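There are 2 protein chains.
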Amino acid sequence: MNSPVYYELIKMDKHTGARLGKLHTPHGVIDTPCFMAVGTQATVKAMTPRDLSEVGAGIVLANTYHLFLRPGHELVREAGGLHEFSQWHGPMLTDSGGFQVFSLAAMNKIREDGVEFNSHIDGRKLFFTPEYVMEIEQALGADIAMAFDECAPADCDKNYAVAAMNRTHRWAERCKNSHTRPDQALFGIVQGGMFGDLRIESAKTLAAMDFPGYGIGGLSVGEPKPVMYEMLEALMPYLPTDRPHYLMGVGSPDCLVEGAIRGIDMFDCVLQTRSARNGLALTFDGKRMLRNAEFAHDFSPIEEDCDCYACRNFTRAYIRHLIKAGEILAAELITMHNLRFTYRLMEKIREAIREDRLMNLRNELMLRGTFN
Amino acid sequence: MNSPVYYELIKMDKHTGARLGKLHTPHGVIDTPCFMAVGTQATVKAMTPRDLSEVGAGIVLANTYHLFLRPGHELVREAGGLHEFSQWHGPMLTDSGGFQVFSLAAMNKIREDGVEFNSHIDGRKLFFTPEYVMEIEQALGADIAMAFDECAPADCDKNYAVAAMNRTHRWAERCKNSHTRPDQALFGIVQGGMFGDLRIESAKTLAAMDFPGYGIGGLSVGEPKPVMYEMLEALMPYLPTDRPHYLMGVGSPDCLVEGAIRGIDMFDCVLQTRSARNGLALTFDGKRMLRNAEFAHDFSPIEEDCDCYACRNFTRAYIRHLIKAGEILAAELITMHNLRFTYRLMEKIREAIREDRLMNLRNELMLRGTFN
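Residue numbers (this note's numbering), protein chains in the order written: chain A, 55 to 426; chain B, 55 to 426.
Quick caveat, the hints were computed from the structure, so don't treat them as lab data.
Warning: the hint list may mix true and false statements.
Where chains are identical, the list cannot tell them apart; a pair therefore holds if satisfied intra-copy or between any two copies.
[To be verified] No more than 20 angstroms apart at the CA atoms, straight line, and that leaves these computed lysine to any residue pairs for SDA-like:
#, residue 1, residue 2
1, K378, I175
2, K179, L63
3, K76, E401
4, K378, E138
5, K378, R178
6, K378, N172
7, K378, R131
8, K378, T94
9, K378, E128
10, K378, D176
A quick note: this is a predicted structure, and the numbers were derived from the prediction, not measured.
Using the sequences plus the hints, can you model the full thing?
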């Protein structure tokens, strides 16, 4: 296989399934396990690209569904692609819109050839086929495109999960056949609902298709976390070890550690940026709702030893004031911090894998309250 | 007079009343005529202090009324003052809340001792006296505090304007008597409605009180611009030439030039930052409503020769997309640009005064469309 994106395994943790590696892409090399900041509409909310670089962002995700609706993939192509349009010159990944078509669109009707849906913005009737999604993702021009999949609900029955999985496999094949862009890698997506045997079947089927990387979709869609971990444990042995493993839409601090333990190399999540806009800061001592009165006279930084711009300069009291006053700067500062916190957590995870003590790190963080 | 803030006159324009000077303050020296960015709630909306430095901000204004209501001046004092709280380490000025009490508060009742009003946030009944406002402004700790004044409506009759002016003078005296902070200067405020003779009387009365600087209040409150210019022309000869002259709340591109021509040294205005949040960019070729469809495929920067971060990196098409998508980054980028535009305009004004060609600059800008 000759791919513009490939995974370099550096070492395995001795006591868990965790892997230390490097993800090579046309726009740079990323240490894994890695966290991808979410830039849904070709911007990580409230962040300039230079702020994003400063907090340590490596690879950034953008959403195909949103960008297709607005401003349209043709415009992004005309602008020279997502990197040029958004001025993020590091690696990028686009999801396929599969998840959004099922979760955001006003209506959706699944057929063998694709999905009919209504735009959540203006109600327009639209139709995604695997081939059309490939055209869109190639126009967007991220380093990594994801195959178009059917994301089944967490509580669907097995018959439904089987049908969705099989369709996802057929669509993956169609994506592969229509994807031609040589400087972009296409990753397949494992589905199978909350059924371990289906997850295994899906992993095997996709592994046989020889994708340069694998997403694991349809998890963290409402099921309890132990069920998600169980699914990961079932399927991970069947994914090629020389390819990156990407757990889609997952990225709370505990899940980053638990995912890494089970062999995940890539994560993405809106928690960091969305919670920032609600005044919630993530720290190694747990979450802090900075809006709360307890911080009114607190002149310490969000997190004592954090090196982000927000923590180097501003107090909790000031940031609380900004939140209460409805100031945009609150979102900017807390987003910077939450992302910086997450990249520091990923550094700790990688260091722990390097030193074969990831389970110890997990226990330390749990005791410290990082997962609260 | 021994003041921590003083004005150094460098030269007068040969053909107009314009002055080139320097404003010396405890937190630095500012070239004048200068524009003050408005940081109502101890933040210039959507800007980090470092972004603000980068665009060339010198002195920043904060609003006493807003900060008194939230987070409260005691908290700001406890934080070490506005500079420490907001991390803006350049010069700062606080207005007195006079204008806001009359324009924003839910109710106001003027008495000789002060103004009763209701908070626009929670309806609390509050009372400002000149002495109390001095206490608040000294707690906030800006380099320059403004006296508490009564801002009469643009359409008030002469009897009302006389009464408001005389009360403003008595309050100015009371402010002066109660202001004690040695590292803060107290500026008086000229009132007098839209009556040239009152404006002259007010300027003379305040000049006799020997303030280290003078605000001109109650203009740009709804009257036509020629009326404002007429008032300035009437009163300016009566303000001491060795003190800074500050035209309060005024700062559209045409007014910056016209004010400078009439001897104004300091301006402030929310136009730059507020219009940015509405997608309106200021350029030397006039205003650009970046939301408009004409910019959808426009891959040029907001302003071709502008050196701000937004113009160095992003296209109108991208910024339009951000506006349409409701992204915070739009406000950040356009605010940066609008402030940078304004500081560049002030540089041009100062350069023109230095070279005795301010009227030529005015005519060039008018022909170019800068004032459209």
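Here is how each hint holds up against the structure:
no.: 1; hint: K378 - I175; in the structure: between (29 angstroms within a copy, 11 angstroms between copies)
no.: 2; hint: K179 - L63; in the structure: neither (44 angstroms within a copy, 67 angstroms between copies)
no.: 3; hint: K76 - E401; in the structure: within (13 angstroms within a copy, 49 angstroms between copies)
no.: 4; hint: K378 - E138; in the structure: between (36 angstroms within a copy, 19 angstroms between copies)
no.: 5; hint: K378 - R178; in the structure: between (37 angstroms within a copy, 17 angstroms between copies)
no.: 6; hint: K378 - N172; in the structure: between (37 angstroms within a copy, 19 angstroms between copies)
no.: 7; hint: K378 - R131; in the structure: between (40 angstroms within a copy, 18 angstroms between copies)
no.: 8; hint: K378 - T94; in the structure: between (26 angstroms within a copy, 14 angstroms between copies)
no.: 9; hint: K378 - E128; in the structure: between (40 angstroms within a copy, 17 angstroms between copies)
no.: 10; hint: K378 - D176; in the structure: between (32 angstroms within a copy, 13 angstroms between copies)
Comparing the model with each earlier hint shows a violation of hint 2 alone; every other hint is respected.
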